[in-house]
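Visitor: Chain by chain, the residues:
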Amino acid sequence: MSEQLSSEAVAHIARLARLEITAEESATYAGQLSAILEHVEAVRRLDTAGVPPTSHALELRNVLRADEPRPCLERDEVLAGAPRAEDGRFLVPRILGEEP
Amino acid sequence: MTTSVGGATEPVGGATEIAARVRAGELSAASVLDGALAAIEGRDGELHCFNSLMGERARERATEIDRMVEAGQDPGALAGVPVALKDNICTRAAPTTCSSRILEGWTPPYDATVVRRLAAAGALLVGKTNLDEFAMGSSTENSATGPTRNPWDTSRVPGGSSGGSAAAVAAGMVPVALGSDTGGSIRQPAALCGVVGVKPTYGVVSRYGLVAFASSLDQIGPFALTVADAAAVLEAIAGHDEMDSTSLELAAPRCSEVLDDGADGLRVGVVSDFLADASPDCASAVRAAAEVLAAAGAKVDDVALPELLHGLSAYYLIAPAEASSNLARYDGVRYGLRVDAPDVETMNARTRAAGFGAEVKRRVMLGTYVLSAGYYDAYYAQAQRVRTIVARAFARAYGHFDVLLAPTTPSVAFAFGSKTDDPLEMYLADLFTIPTNLAGHPAMSVPFALGEAGLPVGVQVLAPALGEREMFRAAAVVEAGAPPGVRGPVGTRSAR
Amino acid sequence: MNGNGSGSGTPAGAPARAGEAGVEGYEIVVGLEVHCELATATKLFCGCTNAFGALANTHVCPVCLGLPGSLPVLNRRAVELAIRIGRALHCEVRPSTFHRKNYFYPDMPKDYQISQYDEPINVDGYLELPDGLRVGIERAHIEEDTGKTTHVGGGGRIHDADYSLVDYNRAGVPLVEIVSRPDVRGAEQARAYVSELRAVLVASGASDGRMEEGSLRVDANVSVRPLGSDVLGTRCEVKNLNSLRSLGRAIEHEAARQVALLESGGRVVQETRHWNEAEGRTSSMRSKEEANDYRYFSEPDLVPLIPDADLVERATVGMPLMPAARRKRVAALVGDALGGEAGAADQVATVVDLGLDDLVVAAVGLGADPSLALRRAANEAAQRPEEARRLDATAFSDLLGLEMTSKLSSTQAKTVLAELLDHGGEPEEIARRLGYEALSFDELAGVVDDVIAAHPAEWERFLGGESKVAQLLTGQVMKATKGRANGRAVAEALEARRG
Chain A
0 MSEQLSSEAV AHIARLARLE ITAEESATYA GQLSAILEHV EAVRRLDTAG VPPTSHALEL
60 RNVLRADEPR PCLERDEVLA GAPRAEDGRF LVPRILGEEP
Chain B
0 MTTSVGGATE PVGGATEIAA RVRAGELSAA SVLDGALAAI EGRDGELHCF NSLMGERARE
60 RATEIDRMVE AGQDPGALAG VPVALKDNIC TRAAPTTCSS RILEGWTPPY DATVVRRLAA
120 AGALLVGKTN LDEFAMGSST ENSATGPTRN PWDTSRVPGG SSGGSAAAVA AGMVPVALGS
180 DTGGSIRQPA ALCGVVGVKP TYGVVSRYGL VAFASSLDQI GPFALTVADA AAVLEAIAGH
240 DEMDSTSLEL AAPRCSEVLD DGADGLRVGV VSDFLADASP DCASAVRAAA EVLAAAGAKV
300 DDVALPELLH GLSAYYLIAP AEASSNLARY DGVRYGLRVD APDVETMNAR TRAAGFGAEV
360 KRRVMLGTYV LSAGYYDAYY AQAQRVRTIV ARAFARAYGH FDVLLAPTTP SVAFAFGSKT
420 DDPLEMYLAD LFTIPTNLAG HPAMSVPFAL GEAGLPVGVQ VLAPALGERE MFRAAAVVEA
480 GAPPGVRGPV GTRSAR
Chain C
0 MNGNGSGSGT PAGAPARAGE AGVEGYEIVV GLEVHCELAT ATKLFCGCTN AFGALANTHV
60 CPVCLGLPGS LPVLNRRAVE LAIRIGRALH CEVRPSTFHR KNYFYPDMPK DYQISQYDEP
120 INVDGYLELP DGLRVGIERA HIEEDTGKTT HVGGGGRIHD ADYSLVDYNR AGVPLVEIVS
180 RPDVRGAEQA RAYVSELRAV LVASGASDGR MEEGSLRVDA NVSVRPLGSD VLGTRCEVKN
240 LNSLRSLGRA IEHEAARQVA LLESGGRVVQ ETRHWNEAEG RTSSMRSKEE ANDYRYFSEP
300 DLVPLIPDAD LVERATVGMP LMPAARRKRV AALVGDALGG EAGAADQVAT VVDLGLDDLV
360 VAAVGLGADP SLALRRAANE AAQRPEEARR LDATAFSDLL GLEMTSKLSS TQAKTVLAEL
420 LDHGGEPEEI ARRLGYEALS FDELAGVVDD VIAAHPAEWE RFLGGESKVA QLLTGQVMKA
480 TKGRANGRAV AEALEARRG
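Chains as they are written, first to last, in numbering that gives the first Met the number 0: chain A, 0 to 99; chain B, 0 to 495; chain C, 0 to 498.
Don't read these hints as lab results, they were simulated from the structure. Glycine included, each C-beta is placed from N, C-alpha and C at the ideal position. Don't take each hint at face value.
Unchecked claim - Simulated coverage check for chain B against chain C, where a stretch passes if three residues somewhere in it have a Cβ under 8 Å from a Cβ of chain C: (1) 91-102; (2) 368-377.
Said to hold, decoys possible - Computed beta-carbon distance windows for the label pairs: (3) E37/A / E32/C: 55 to 63 Å; (4) G30/A / S278/B: 46 to 54 Å; (5) E278/C / E23/A: 40 to 48 Å.
Let the sequences and hints guide you as you build the complete structure.
Guide: Shown next as structure tokens:
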């Protein structure tokens with residue numbers, strides 16, 4: 000029996016993902032996501048005992064670079080796309096939460 | 000390079016031919032550019048392959064190349080070749096939108112490594128092509144700039160997510176283009192548009208400058224009308240890049256060298272499990288291609304790889320998970336769209352709600368869920384283990400075979416809107432391409448037949464990691480054995 | 000070699016904190032998280048300059064700005080310094096991987112931080128404090144720093160601000176986060192821990208140790224429990240500690256707050272609290288409705304880090320002795336005398352702290368008396384540490400020899416030392432120039448007789464075996480000779496007289 004996502008669950012996920020969605024959308028997405036999860040349910044039931052996870056397809060190790068300066072961007076390039084800036088810095092509206 | 004509007008095109012030649020002639024001073028880069036821009040102008044109104052053009056930069060480059068040829072300097076291996084770039088590849092000072100509202104008008108301050116390499120090789124970068132938003136989709140219907148139409152039948156999709164690049168090549172606007180492939184986004188549109196599409200081994204082509212979708216799966220690769228042209232482009236863009244930690248410490252694979260090697264002694268495995276899930280025309284194309292290879296001296300046999308079919312589910316857990324993290328940066332703070340609000344948290348949420356399309360939102364939420372506390376082990380970690388199972392299945396197969404043969408897609412190009420109601424249905428389009436990405440292997444689609452409604456059918460050649468040479472060798476044989484008329488370029492055709 | 004401090008028993012040398020204001024009957028348990036900015040030339044994942052104080056957003060590139068398409072590439076020097084830190088803290092340095100810690104905040108260019116999660120580079124070490132206590136180090140891992148936000152309006156505090164401005168110069172600077180086990184007891188010990196850790200980080204070359212510039216940032220996890228209990232109480236994390244003083248004050252305040260809560264029948268709620276230096280109190284940080292779910296997963300853009308022998312060797316080659324080892328080295332010289340001498344342990348700590356231990360060790364190597372060398376270095380040379388660090392060991396040793404053989408009195412020796420430090424030269428030559436000669440034995444004997452005559456009662460007591468009165472008599476002799484007598488010589492003269 001797969002996970003049936005409730006609207007509340009979707010609302011919670013949307014908050015985590017910083018996506019503002021309406022209650023109606025919440026319900027719609029709940030249905031669609033549940034359907035997808037049901038489809039991938041087969042994966043959960045597979046016997047993977049003793050099988051290690053693959054996080055990288057490659058066998059690369061220790062890829063390092065020398066501690067040498069490289070050219071950085073000009074300040075106006077950095078701020079070029081900024082929706083709002085002030086004083087050479089990116090401006091954002093009031094932050095409600097403290098930094099985790 | 001093309002000479003007519005609306006009707007059948009008359010190509011001047013593919014990429015290798017153009018380059019040879021430009022290098023020899025027989026053809027000017029400027030005139031090649033003129034031809035490409037004219038073809039685009041003539042037909043893009045209807046097909047919408049391009050999000051934006053880079054005419055000025057291309058013009059400057061063409062002038063420079065012609066000057067270099069005149070001066071006896073080496074203008075590069077792809078001198079004068081017009082190339083289109085998928086609009087998720089960063090181009091300095093030219094818009095890179097990923098076909099998303101959230102990056103509307105954003106111009107990167109830097110070039111992707113593949114862009115620098117193409118430019119250094121003398122290619123003319125003519126424009127940025129349409130895609131499914133953030134490369135999430137299989138039809139290019141998820142684009143915020145509107146869909147791209149399949150030149151073979153404009154009532155049908157070109158495939159996705161690199162639909163714009165595939166269609167641009169298929170329509171003869173440009174001889175080659177770059178796309179990106181995460182679960183099949185080069186190969187699938189290549190098959191639906193009757194062109195060659197290559198996904199290299201993971202790590203062979205630098206991802207620096209490719210807007211990330213699923214980092215452990217994404218690769219950039221070429222579209223072309225011929226296997227030879229695809230090899231030439233791959234050689235120009237591949238090879239180690241110090242800006243990408245996942246880039247293999249190798250030079251570009253020399254695939255052009257093996258194109259005339261033939262198939263004698265090559266061990267070819269036909270993935271029989273896939274055939275059962277493909278439409279008759281797609282399945283029979285694979286059988287026919289297998290016969291071509293056998294006739295050329297290959298040892299062909301069936302191979303059962305049922306584990307590969309689990310790949311789809313694992314992919315739709317891993318890819319959205321990585322995507323949910325990769326797309327977090329689009330928050331309205333530093334670039335792109337911002338929807339104002341009294342506090343930053345609300346600003347983020349409203350910006351992303353307005354900036355992302357429905358499919359992107361779905362995948363971001365699915366990915367967030369899959370990674371969230373309490374679900375990580377059951378979903379994400381489990382999917383990573385399935386990934387190992389898929390890789391091991393391939394490894395067993397490649398113990399007996401040099402390359403594998405499979406359908407690229409379950410069917411020919413489908414009609415607009417026919418799969419958009421049910422996301423799951425759309426996901427099935429990637430059934431045969433996904434396992435390759437999970438394993439990090441190379442694979443390519445070669446146009447081989449015309450199927451239902453006279454639409455292109457591609458055959459997929461798969462190889463083990465770093466098996467590009469065997470792959471191209473087999474692909475060249477398959478291509479040579481294909482009947483005429485199965486591949487582009489085609490004039491724009493409307494539905495009957 | 001593991002040196003896990005125990006989580007329960009009272010560590011050696013540290014009294015139970017029964018007496019600290021407002022927490023009688025309770026023990027204050029502290030765990031410390033220290034973020035150390037690494038002294039590399041460039042950032043962790045890109046070649047932007049790693050420097051403090053530049054104009055906003057002038058040390059930024061596509062990678063540390065997190066632009067679409069950018070990718071991280073790990074800084075070799077950062078890895079070397081992280082390995083140095085691990086070694087200095089006696090950690091096991093092991094294969095590690097990177098993870099993404101996902102959360103939204105304006106100073107995070109990617110809205111995830113690349114860090115290490117369940118496979119960090121350094122684990123299971125310890126830090127030895129000057130008093131001998133070993134504080135367990137759970138882990139020391141590599142991660143990238145965030146940008147800096149300034150809040151505009153409302154007095155600069157985040158809650159009342161109108162808007163905020165973000166500078167990404169600091170984004171991507173390499174950090175090592177060092178997490179201790181909850182082995183520290185009380186504010187004073189916490190300060191000692193941070194102080195010693197800072198010394199280690201500076202000595203290993205990993206950090207410049209400038210807390211005021213933010214090179215070192217400390218968060219304290221504070222809990223209390225009744226004396227004698229071995230169950231950990233609920234802890235609160237205290238942030239915004241910008242100096243050792245703040246650290247101490249905050250811990251004391253927070254412990255008192257928790258005790259008051261418990262005493263009145265309440266419960267301590269596990270939360271993060273912000274230290275307000277001006278108001279002298281901690282306050283609860285307004286947290287979002289849901290607890291942070293960081294959705295950690297393995298960073299696909301980076302590959303595993305395997306610290307093979309070669310990498311570790313290259314990282315630690317030339318690494319100097321750490322403070323604890325240096326203290327042991329000096330203490331070993333002084334040997335048994337260390338236990339007997341009041342304040343000798345402090346002298347050792349001072350001498351190492353100021354970088355004068357090499358001088359002491361060298362002087363002893365040339366034949367100087369260890370206790371005297373230590374004393375003069377810690378008490379006198381320490382007044383001018385810069386000059387003292389440049390002092391020639393042979394000159395120092397010679398001077399100590401003059402004092403030991405009574406050719407100079409203690410007072411005279413100190414003066415010569417000051418002269419040596421300020422102007423250099425040779426001790427014998429300086430002594431001659433200053434007109435110092437030690438008192439001859441006869442002269443000294445004469446003074447001793449005078450003093451005995453002036454203090455008959457005390458002399459009787461001295462003859463009777465009372466040792467304390469000897470000090471008084473010695474002092475009188477020294478006074479009479481106007482400092483020209485050497486303490487040992489006087490003691491010998493008194494003994495001779497007794498005989």
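Visitor: Mind listing which of the numbered hints don't hold for this structure, in increasing order?
Guide: Hints 3, 4 are the ones this structure does not satisfy, whereas the remaining hints hold.
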